[in-house]
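Please build the complete structure, drawing on both the sequences and the hints.
Number of protein chains: 2
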Amino acid sequence: MLSKTRLANVMDQLHSNGAEQMLVTDPVAIFYLTGKWIHPGERFLSLLLKQGQKPVLFLNELFRFEEEIGVDKVYITDTTDLVAVLKQYVNPDGVLGIDKQMAARFLLQMIDAKIAAGFINSSIAIDHVRSIKDETEIELMRHSSLINDQAMVQFKALIHEGVYEDEVAAQCMGIYKALGAEAYSFDPIVAFGANSADPHHMPDHTQLKEGDTVLFDVGCRYHDYCSDMTRTFFYKKAPAAEHRNVYELVKQANQSAEDMLKPGIELCKVDAMARDIITDGGYGKDFTHRLGHFIGIEDHDFGDVSAANHNLTAAGNIFSIEPGIYSTKQIGVRLEDLVLITADGHEVLNHYSKEIEVIE
Amino acid sequence: MLSKTRLANVMDQLHSNGAEQMLVTDPVAIFYLTGKWIHPGERFLSLLLKQGQKPVLFLNELFRFEEEIGVDKVYITDTTDLVAVLKQYVNPDGVLGIDKQMAARFLLQMIDAKIAAGFINSSIAIDHVRSIKDETEIELMRHSSLINDQAMVQFKALIHEGVYEDEVAAQCMGIYKALGAEAYSFDPIVAFGANSADPHHMPDHTQLKEGDTVLFDVGCRYHDYCSDMTRTFFYKKAPAAEHRNVYELVKQANQSAEDMLKPGIELCKVDAMARDIITDGGYGKDFTHRLGHFIGIEDHDFGDVSAANHNLTAAGNIFSIEPGIYSTKQIGVRLEDLVLITADGHEVLNHYSKEIEVIE
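Protein chains in written order, with my numbering: chain A, 392 to 751; chain B, 392 to 751.
Heads up, a few of these hints could be off.
Stated by the list, open to error - Quick list of in silico lysine to aspartate or glutamate cross-link-like pairs, EDC-like style, CA-CA up to 16 angstroms: (1) B:K676 x A:E452; (2) A:K568 x B:E452; (3) A:K505 x B:E452; (4) A:K676 x B:E452; (5) B:K568 x A:D557; (6) A:K568 x B:E748; (7) B:K568 x A:D595; (8) B:K568 x A:E558.
Claimed, not checked - Facing chain B, from chain A, some residues (calculated, C-beta under 7 angstroms): (9) T470; (10) I489; (11) P594.
Source of the hints: derived by calculation from the structure; they are not laboratory data. Cβ coordinates follow ideal geometry from the N, Cα and C atoms, glycine included.
Printed below as a string of C-alpha cells:
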C-alpha cells in the first residue's frame with residue numbers, strides 16, 4: 392500500500408529540485424513507494440507523482456492486478472500510443488522529473504512529443520528519501536544482517552580439506568533459506584588463496600589448499616532487505632608475519648572507520664580514515680575500491696563512501712564499511728560490516744568476529 | 392574480436408535510419424559486435440560507431456582489460472566529466488543514434504550539453520542485424536536446443552510420486568551443466584496441475600498429485616546462445632476428453648504455425664494461424680499471449696510473432712512458436728519449439744516429441 396509518508400518526503404525533495412511531477416520507472420522505487428513489486432521486463436512501467444494528487448500507475452495489461460495499493464491504474468498494451476496516454480496526465484506546462492533508469496526508447500518519444508515543458512533527472516528526490524531508512528526498514532535490515540551473521544558460522548563449517556569454491560557456494564542458498572531468508576542479495580563470493588585478491592572473483596572449481604585465505608563476501612534478502620558482509624579466514628596455517636600485518640591493517644581500517652561514525656560526517660572523510668591507515672601501512676595501491684556503498688532494498692543503493700562523496704552522514708543511513716588489501720596473485724583480505732547511523736552515533740549491524748581465525 | 396561483417400551490416404542499417412554515428416550501450420549488443428562481455432552495472436559503457444572509423448569503447452577504469460578487441464578504448468572514472476569526453480569523439484553536427492537501453496541519467500546530460508545535432512533511437516539498426524543469425528550463430532543455437540532436447544528427457548525422469556516443483560527445478564542446472572551448457576537462459580518453469588494455467592508460474596512448494604499436468608518451460612545457454620522449449624505431460628492418468636481436446640488443439644496450433652514457415656511470411660499471419668485454430672476450438676480467450684518471440688544471445692531478442700507485427704520472416708530468423716491454452720485453476724497446456732527460417736523453408740530446432748505422454 393502507498394506509503395503517504397514516503398510519498399510526502401519524495402514530493403518535498405522533488406519540489407526542491409524544481410519539479411512538481413515525476414515519472415518513477417525503477418521497479419525498486421515503485422516497490423519502495425507502494426509496497427508492490429512489478430517486473431515489467433522490457434515493457435513500460437511508470438508511477439506518475441504529481442503534487443497534491445493521487446499517483447497514477449501506468450502498466451502493461453500483462454501485469455494486471457486487482458489489489459488496491461492506493462494509486463490509480465492505467466493499463467496499456469504493446470500497441471498503445473504511449474505518449475498520447477501520458478499527455479492526458481502530465482502537465483505540459485511544467486517540468487517533468489524523469490527517473491534516471493528510464494530507457495532512452497521511452498524518453499526520446501516523450502521529448503519528441505513535448506509532453507512537458509522540460510525534462511530533468513529527478514531520481515535524487517527518491518534516492519535521498521531512500522537513504523534515510525525508517526523504523527520498519529531498520530528492523531528488517533537488522534534482521535537480514537542477523538541472518539547473515541548466523542549464516543557465516545555455517546559457511547565456515549563447509550570448509551574442509553579438498554573442498555572446491557563452487558561446491559561451497561552451491562550450499563549457501565540452502566543455509567540462508569533455512570535461516571528464514573528468501574534469496575541472495577547478490578551471488579556469494581567464495582574465494583580461496585590467490586582468488587581472494589580479486590575483489591570480483593566468482594566461485595570456480597578452485598580446490599582449497601593448506602595456507603589459503605578463505606574469503607566469504609555474502610548477503611541475503613529478508614523481506615526484500617539486503618545484508619552484505621565479508622570475512623576472511625586462514626586455512627590450516629596461521630598467517631606468516633606479512634599476511635598477519637595485512638590482516639591487522641585491514642581490521643584497523645575497518646574498525647577506525649566504523650568508530651568515527653555519527654551524523655554529520657563527510658563520507659569522503661570516512662573513506663580517508665580507512666585509506667590513510669592502509670596507505671601508511673604501505674598498501675595504499677592495493678586498496679583498489681571505494682570504502683563502501685549504501686544498501687537497502689538494493690545491494691547497492693544510491694550513495695557511497697568514497698573520496699568523491701562530500702555528502703554528510705545522516706541518522707537512518709545504512710552503508711557498508713569494507714576496506715581490503717589485494718596483493719595480486721598472493722593474498723586478499725577484506726572485512727566488511729553494515730553500519731547504521733543513529734541519532735547520536737552508530738550501530739554496527741554485523742556481529743561476527745573480526746579477529747584472525749584459522750580454520751582447522 | 393570486432394566482427395567487421397556485423398559492424399558493416401549495422402552501419403548500413405544506421406545509414407538508412409538517418410544517422411552516421413551511434414552510441415551502443417546494451418552489453419549484449421557490445422558482445423555481439425566485439426565478442427567481449429562487459430557488465431558495467433550502473434556505470435557508463437558505450438561503444439561509439441562512426442561511419443568509416445574504428446569504433447571507440449568508453450568504459451569505466453574498473454573494467455579495464457588488456458585484450459585487443461579491434462576498438463579504441465577510452466577509460467573514464469566515477470568522477471570524469473562524461474559529456475566533455477564524449478564531445479571529443481561525437482560529431483556535433485550530425486544526428487547521434489542512441490541505444491534504446493541507454494539510461495536517462497546519461498541521455499539527459501548529452502541532450503543538455505548538445506553533443507550532437509539530434510538524438511534518435513537507432514537500436515533497430517542493431518536489432519535488425521541481430522535478427523538474421525549468421526552460420527556461427529545458427530550452429531550454436533542448434534546445439535543449445537539439442538542440449539535442451541536431451542535435458543527434457545532427464546527432467547521428465549525427475550517426476551515421481553510426492554515430488555515438489557521446487558525440488559525438481561533445483562536439479563535442472565546440474566543436468567544442463569552435465570550436458571555442456573553453461574547457464575540457464577531463464578529460470579526454469581516447472582508447473583504442476585492448476586499452476587500450469589499460469590504462463591508465468593515460478594516453481595514453488597506444490598506437490599505432485601495424480602492427474603496433474605506437468606509443464607516444463609526450460610532453456611539453457613551454450614556459448615552464450617539460448618534455447619527455450621516447453622512440453623506438457625500428464626501424471627499417472629491419461630487426460631479426460633476435454634483435456635485431451637485442449638492438448639490436441641495446442642499441438643495442432645503449434646504444428647500448423649510451424650508448417651507454414653518460410654521466408655517472406657508476415658509474422659502476424661503466423662500468430663493468426665495458431666490463434667484461429669485455438670479460437671475455432673472454443674478456447675480463443677484462453678490463449679492469452681503472443682505466439683512467440685525472437686531469441687539468440689537473449690532469451691527474448693528483439694522481435695516477436697504477434698498480431699501487431701507485420702514484418703516478414705527472413706532467412707536466419709530464429710523464434711519460438713508457443714501456443715498455449717490456460718483454463719484458470721484447471722489446466723494449462725503449452726507446446727513450444729524454436730524454429731529457424733531457412734533459404735526456402737524452415738528447420739525446427741527442437742526434436743522432443745509433442746505427442747501426449749503420460750508419466751507413470
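Structure-based check of all given hints:
As the CA atoms of K676 of chain B and E452 of chain A are separated by approximately 15 angstroms, the hinted pair is consistent with the 16 angstroms bound. Pair hint K568 of chain A plus E452 of chain B does not hold up; C-alpha atoms about 37 angstroms apart against a cutoff of 16 angstroms. Taking the CA atoms of K505 of chain A and E452 of chain B, the gap is near 37 angstroms; set against the 16 angstroms cutoff, the hint is violated. Of the pairs offered as hints, the one joining K676 of chain A and E452 of chain B holds, with about 15 angstroms between alpha carbons and a cut-off of 16 angstroms not exceeded.
Restraint check for K568 of chain B and D557 of chain A: the C-alpha separation of about 13 angstroms stays at or below 16 angstroms, so the hint holds. Taking the CA atoms of K568 of chain A and E748 of chain B, the gap is about 35 angstroms. The hint is violated against a cut of 16 angstroms. With a C-alpha separation of about 14 angstroms, the suggested pair K568 of chain B and D595 of chain A falls inside the 16 angstroms cut-off, and the hint holds. Simply put, K568 of chain B and E558 of chain A have alpha-carbon atoms about 14 angstroms apart, close enough for the 16 angstroms limit, and the pair holds.
A least Cβ separation of about 5 angstroms between T470 of chain A and chain B falls short of the 7 angstroms threshold, and the interface hint therefore holds. The interface hint given for I489 of chain A holds, since its Cβ lies 5 angstroms from the closest Cβ of chain B, which is under the 7 angstroms cut-off. Hint status for P594 of chain A relative to chain B: violated, with the closest Cβ pair at about 14 angstroms, above 7 angstroms.
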